[in-house]
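Colleague: Listed below, chain by chain, are the residues.
2 protein chains.
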Amino acid sequence: MGLTSAVQSGDRLALSRLLSQIEDDTPQGRAALEALFPHTGKAYLVGVTGAPGTGKSSLVNRLAYHYRHPPQGEEPQKVAVVAVDPTSPFTGGALLGDRIRMQDLAGDPGVFIRSMASRGALGGLAATTTGLVQAFDAGGFELIFIETVGAGQVEVDIASLAHTTLVVDAPGLGDDVQAIKAGILEIADVLVVNKADRPGADQALRALRTMLQLAHPAPRTFRHHNRIFEAVPAAGPAPSAQEGPAAWEPPIVATVSTEGKGISELAQAIEAHRRHLIDSAGWGRRERERLGTELDLRLQQALVSRWREQVDPESYRQVLEKLVSRAITPQEAVRALVDGKDTP
Amino acid sequence: MGLTSAVQSGDRLALSRLLSQIEDDTPQGRAALEALFPHTGKAYLVGVTGAPGTGKSSLVNRLAYHYRHPPQGEEPQKVAVVAVDPTSPFTGGALLGDRIRMQDLAGDPGVFIRSMASRGALGGLAATTTGLVQAFDAGGFELIFIETVGAGQVEVDIASLAHTTLVVDAPGLGDDVQAIKAGILEIADVLVVNKADRPGADQALRALRTMLQLAHPAPRTFRHHNRIFEAVPAAGPAPSAQEGPAAWEPPIVATVSTEGKGISELAQAIEAHRRHLIDSAGWGRRERERLGTELDLRLQQALVSRWREQVDPESYRQVLEKLVSRAITPQEAVRALVDGKDTP
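Chains P and L are the protein sequences, given in the same order.
Last residue of the first sequence: 390 in our numbering, with the numbers rising by one and none dropped.
Last residue of the second sequence: 390 in our numbering, with the numbers rising by one and none dropped.
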């Protein structure tokens, strides 16, 4: 049985091997993803981001446990977690790694947690995350959490491409952590105040409510980077009309993830947002945004690699040296390399 | 007098206007940068990064003050600060903004601090930072600090492109902040333990020393993203031979930035690294790496924009819709768009 059919049939070892190949950006990994692509698009993606110290990992663990042990009458779902970990391959990979995180969920074949050290993503962080998510999707995982630390442009972009994005806050963080929080509020579909048993929790909740009121009714202003065409709406009415009768107002949920408090309320908020996406045309719009971002990334790579194939590395080097010595400007350098114009 | 000559002559208002145009990515801003480029390359760039909560901003303020009021016998230098602030245009811009930061340095024409909200960088974070640095460089600022929060791929890349990169740590940070730290140690030329009067400072110093010993003699393994040619060395001996007789071992400096302690020791460590760069061929190598990264970014943009000019947005939209419906794979979509191949 080939790798792709093994992954589809739920073979954990095959999936694990595929995930490594995606991280290493191997030709086999790329080919397998291409073969699996028609079988993707079924999973529900939940982005989880927030400043360091807010307890995102333990929150995601609790959520995963919740979906594995749902209230009576609901089916348990297969859950995968892709954690973008800001650690280094150099220091031995994900410090908050798979082992520690797996304790609650150990031995459950319906859960798969993969920590990816952000500097270890050879094909780039966004592309690697997309690949891992697609592999889990094709492998039959119904719910995929994408967890990032919300302090970087790329990391926030990644989390915001999910169907539902949770932004996690906690009381008592330092000033610059607060500033990070402010930068990512606008991508939240659901706001979480974790560690809500700590002093200052009420204050944190009030502050978030005020910020949301100030923001409302401003639309989601968040703009993705690297889009080739600024906005490519589907045929049909404008996005605002597609939103349905009522726009979504992000609810705020208080949790204590270490004690499992507020987790079912959070799951309900996620479910409410999922229904909203289905009722409005939001689902398709997010899917289009996500695949559009992936397409643009691949177009860029294809254009660059085609150009590289027909350029002489030596002339590239010469142009770069002229640039370093300030004999030419960056624009002249680009013209020389792309149009073959002579440099002064 | 035109904008570019006004900037070169030290006109603060003109410089301020140019900085805004660079942030807004206007055609005038781009043209001015192009005209100023031959006058750049003189400034010394110091990257400052570290996890949230380590006190980077106050450290940079103190350093700026130090270079403005140097020990007897040394000349004061003109100092600029580009602070990449993880805040949102939506919440009113840089929370840790220029006003608060300027208190110590207010009224000194030899200091210019610019906070850039990371989501406000219309041309992309890396390109905007590069532009701001070039504007300060052409405006005669001799020392430019580039301060980022080290929790994102792009942000760490930006700081590491300086001549000297400081990585700032502090005692008593939470677990995931520690993990962020581990991810950025490898780009450090100088390590700083700030807030060294706090409990746990000795432990933090010891931990860093151990990590450095484990790392040594591993070379700087850090790899920049988006390079079109993996390594384009200058003509001449291999980089390792150019390093000079002794490789650089990052020193660890303890500081208490709120009280100004350890600041002159830190300045000495920066100066020692600067001399090392000049004595080895490191200076030119970093310059080449920085401009190479900029060149590659611009090449990408040029290739994409040329391609976009000759593609029909409607056919792009159709290909994207086929991708969303899983009728074609990403690779087929790219082939259809770049080679004009028919899709199934």
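Hints are computed from structural coordinates only; laboratory data are not their basis.
Take the hints with a grain of salt, since some may be wrong.
Which copy? The list can't say, so a pair holds if one copy fits it or any two copies do.
To be verified - SDA-like cross-link-like pairs, simulated, lysine to any residue; straight-line CA separation at most 20 Å:
| id | residue 1 | residue 2 |
| --- | --- | --- |
| 1 | K88 | A373 |
| 2 | K88 | G156 |
| 3 | K307 | L49 |
| 4 | K307 | E360 |
| 5 | K368 | H112 |
| 6 | K368 | H85 |
Colleague: For every hint, state whether the structure bears it out.
Modeller: Consistency of the hints with the structure:
1. K88 <-> A373: between (54 Å within a copy, 14 Å between copies)
2. K88 <-> G156: Answer is within: at 16 Å inside a copy they meet the 20 Å cutoff, but 58 Å across does not.
3. K307 <-> L49: neither (40 Å within a copy, 59 Å between copies)
4. K307 <-> E360: So K307 and E360 fail the 20 Å test inside a copy (62 Å) and across (49 Å) alike.
5. K368 <-> H112: neither (60 Å within a copy, 35 Å between copies)
6. K368 <-> H85: between (49 Å within a copy, 14 Å between copies)
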